[in-house]
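Go ahead and model the full structure; you've got the sequences and the hints to work with.
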Amino acid sequence: MATPVPAPIAMLAELTYRCPLSCPYCSNPVEMAKKESELDTEVWLDVFNQAAKLGVLQLHLSGGEPASRRDLVALVAGARNAGLYTNLITSAIGLTQRRLVELEEAGLDHVQLSLQGTDAEMADRIGGYKGGFARKMQAAEWIVEAGFPLTLNAVVHRQNLHQLPEAIEMAVAMKARRMEVAIVQFHGWAMLNREVMMPTREQAQEASRIVEEARARLKGTLVIDYVPADYHSDYPKRCMGGWGSTGLNVTPDGLVLPCHAAQTIPSLSFDNVRDKRLADIWYKGDAFNAYRGEDWMQEPCRSCDRRKLDFGGCRCQAMAIAGDAAATDPVCVKSPLHSKMTDLAEAFSHGDSAELVYRKSP
Amino acid sequence: MTQIGAAEIPVIPRGVRLHEDKVRGLWVLLAPERTINLDPIGLAILQEVDGTRSFGALVKILAAKYDAPEDQIAGDVAEFITGLTDRRILELK
Numbered sequence: 001m002a003t004p005v006p007a008p009i010a011m012l013a014e015l016t017y018r019c020p021l022s023c024p025y026c027s028n029p030v031e032m033a034k035k036e037s038e039l040d041t042e043v044w045l046d047v048f049n050q051a052a053k054l055g056v057l058q059l060h061l062s063g064g065e066p067a068s069r070r071d072l073v074a075l076v077a078g079a080r081n082a083g084l085y086t087n088l089i090t091s092a093i094g095l096t097q098r099r100l101v102e103l104e105e106a107g108l109d110h111v112q113l114s115l116q117g118t119d120a121e122m123a124d125r126i127g128g129y130k131g132g133f134a135r136k137m138q139a140a141e142w143i144v145e146a147g148f149p150l151t152l153n154a155v156v157h158r159q160n161l162h163q164l165p166e167a168i169e170m171a172v173a174m175k176a177r178r179m180e181v182a183i184v185q186f187h188g189w190a191m192l193n194r195e196v197m198m199p200t201r202e203q204a205q206e207a208s209r210i211v212e213e214a215r216a217r218l219k220g221t222l223v224i225d226y227v228p229a230d231y232h233s234d235y236p237k238r239c240m241g242g243w244g245s246t247g248l249n250v251t252p253d254g255l256v257l258p259c260h261a262a263q264t265i266p267s268l269s270f271d272n273v274r275d276k277r278l279a280d281i282w283y284k285g286d287a288f289n290a291y292r293g294e295d296w297m298q299e300p301c302r303s304c305d306r307r308k309l310d311f312g313g314c315r316c317q318a319m320a321i322a323g324d325a326a327a328t329d330p331v332c333v334k335s336p337l338h339s340k341m342t343d344l345a346e347a348f349s350h351g352d353s354a355e356l357v358y359r360k361s362p
Numbered sequence: 363m364t365q366i367g368a369a370e371i372p373v374i375p376r377g378v379r380l381h382e383d384k385v386r387g388l389w390v391l392l393a394p395e396r397t398i399n400l401d402p403i404g405l406a407i408l409q410e411v412d413g414t415r416s417f418g419a420l421v422k423i424l425a426a427k428y429d430a431p432e433d434q435i436a437g438d439v440a441e442f443i444t445g446l447t448d449r450r451i452l453e454l455k
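Protein sequence lines, in the order shown, are assigned to chains A and B. Every letter in the first sequence is one number past the one before it in this note's numbering, and letter 96, counting from 1, is 96. Take the position in the second sequence, starting the count at 1, then add 362; the result is the number in this note's numbering.
The reader is advised that the hints may include incorrect statements.
One-sided and incomplete, this derived list gives chain A residues near chain B with beta-carbon spacing under 8 Å [to be verified]:
(1) Asn-87
(2) Asp-109
(3) Asp-225
Derived PhoX-like pairs: lysine-lysine, alpha-carbon spacing no greater than 25 Å straight-line [said to hold, decoys possible]:
(4) B/Lys-455 / A/Lys-284
(5) B/Lys-384 / A/Lys-53
(6) A/Lys-237 / A/Lys-308
(7) B/Lys-455 / B/Lys-422
(8) B/Lys-455 / A/Lys-175
(9) A/Lys-308 / A/Lys-334
(10) B/Lys-384 / A/Lys-276
(11) A/Lys-35 / A/Lys-276
(12) A/Lys-53 / A/Lys-308
(13) A/Lys-175 / A/Lys-219
(14) B/Lys-455 / A/Lys-219
(15) A/Lys-360 / A/Lys-34
(16) A/Lys-53 / A/Lys-276
(17) A/Lys-35 / A/Lys-237
(18) A/Lys-130 / A/Lys-35
Since the hints were made in silico from the structure, they are not lab data. Beta carbons are placed, not taken as given, at the ideal position from N, Cα and C, and that holds for glycine.
Structural data, given as structure tokens:
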């Protein structure tokens, strides 16, 4: 007997693919929809209302750069009206002090600021945007001044991992309550940059040690959430807390995805909020039901005790490495492809290229 | 054993709020990247946190309301609040 499908808790709304930065690890697809096909204000507000009725509590407004949407304040106000907790995930480029005040009046709950490096040289190189670091530091002050709780979100990789201790100190200095330290996950544009961005195993271990030390030292001051280096692990990540069980993602043109990388699985087709109700898509959509529960699993997952812990890992990574989205995530030591994965990680992490492939905006 | 001074004032800061989750039929505390499901005790404590009452005053109110000894209530409330302040979800002023 299959367990009933729970209601989703979180929704990631990718408001636009437009972005002034061009980070080479962007999780957006390599092929992106153009501005003309973006959902308009009314459709987004309807989607937010549907999401709240469906059981979504947390709304993450992201992109691209969500501040590139002229109607951002109206979208935040509508989402708050629907009863959603609103989280803005931003590079801060395009956020003026006046706009932050408007967002605060509209009821925005929380701001999550991305960090590409701890100095202008690194940050502007990784973000591909000259002057971006200086504008970000100014915006961080405005964000805290406006009263928002701030999370600093540092994506780290072989090029900038040595700056991690400084990044943590920056979060404290900025008065951030939270920090996310994510070792780059290889989906989207990051797949094109594995040779340049893959950390070495030693770097990955050092990062874990630094985070552990900082968590103990900064207890009650700064909360650190950490995404360790996937390719160097023995067991896969608990991707999305289980496919189609906690969260959903809406793309700028209205497709509803079980995770932001799901479009890399060619066998899946996705429903659009322009055609169907969100509840219908969540409970009955083919893409959501494809990897729900355990029936889709193969060996070694099917008979493994860890299947309830990690759900077989990341479907998109299984697709990328094993060529089969229903395979065991090759990160797992029990996968027949684990040694291939280890060799790949080793080889990429010692690549001598420093030539980044930058994301291109649609 | 967790200690909070009787004069310290627990505060639900900007960016954290109590919310009735009508779909699931429970109360939750919404915070940055966190949703905390509240049991009736947690809810009872947070409903008395108004940003002006001290920890000592909270304990007195809850002890009277639930007809329980103050030192027992103090221990439970301190543990609950400290669990949240450690995670920057509540603040003490």
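Evaluation of the provided hints:
no., hint, in the structure
1, Asn-87, "holds (7 Å)"
2, Asp-109, "holds (5 Å)"
3, Asp-225, "holds (7 Å)"
4, B/Lys-455 / A/Lys-284, "violated (49 Å)"
5, B/Lys-384 / A/Lys-53, "holds (9 Å)"
6, A/Lys-237 / A/Lys-308, "holds (12 Å)"
7, B/Lys-455 / B/Lys-422, "holds (19 Å)"
8, B/Lys-455 / A/Lys-175, "holds (16 Å)"
9, A/Lys-308 / A/Lys-334, "holds (15 Å)"
10, B/Lys-384 / A/Lys-276, "holds (23 Å)"
11, A/Lys-35 / A/Lys-276, "holds (22 Å)"
12, A/Lys-53 / A/Lys-308, "violated (28 Å)"
13, A/Lys-175 / A/Lys-219, "holds (14 Å)"
14, B/Lys-455 / A/Lys-219, "holds (17 Å)"
15, A/Lys-360 / A/Lys-34, "holds (12 Å)"
16, A/Lys-53 / A/Lys-276, "holds (15 Å)"
17, A/Lys-35 / A/Lys-237, "violated (33 Å)"
18, A/Lys-130 / A/Lys-35, "holds (24 Å)"
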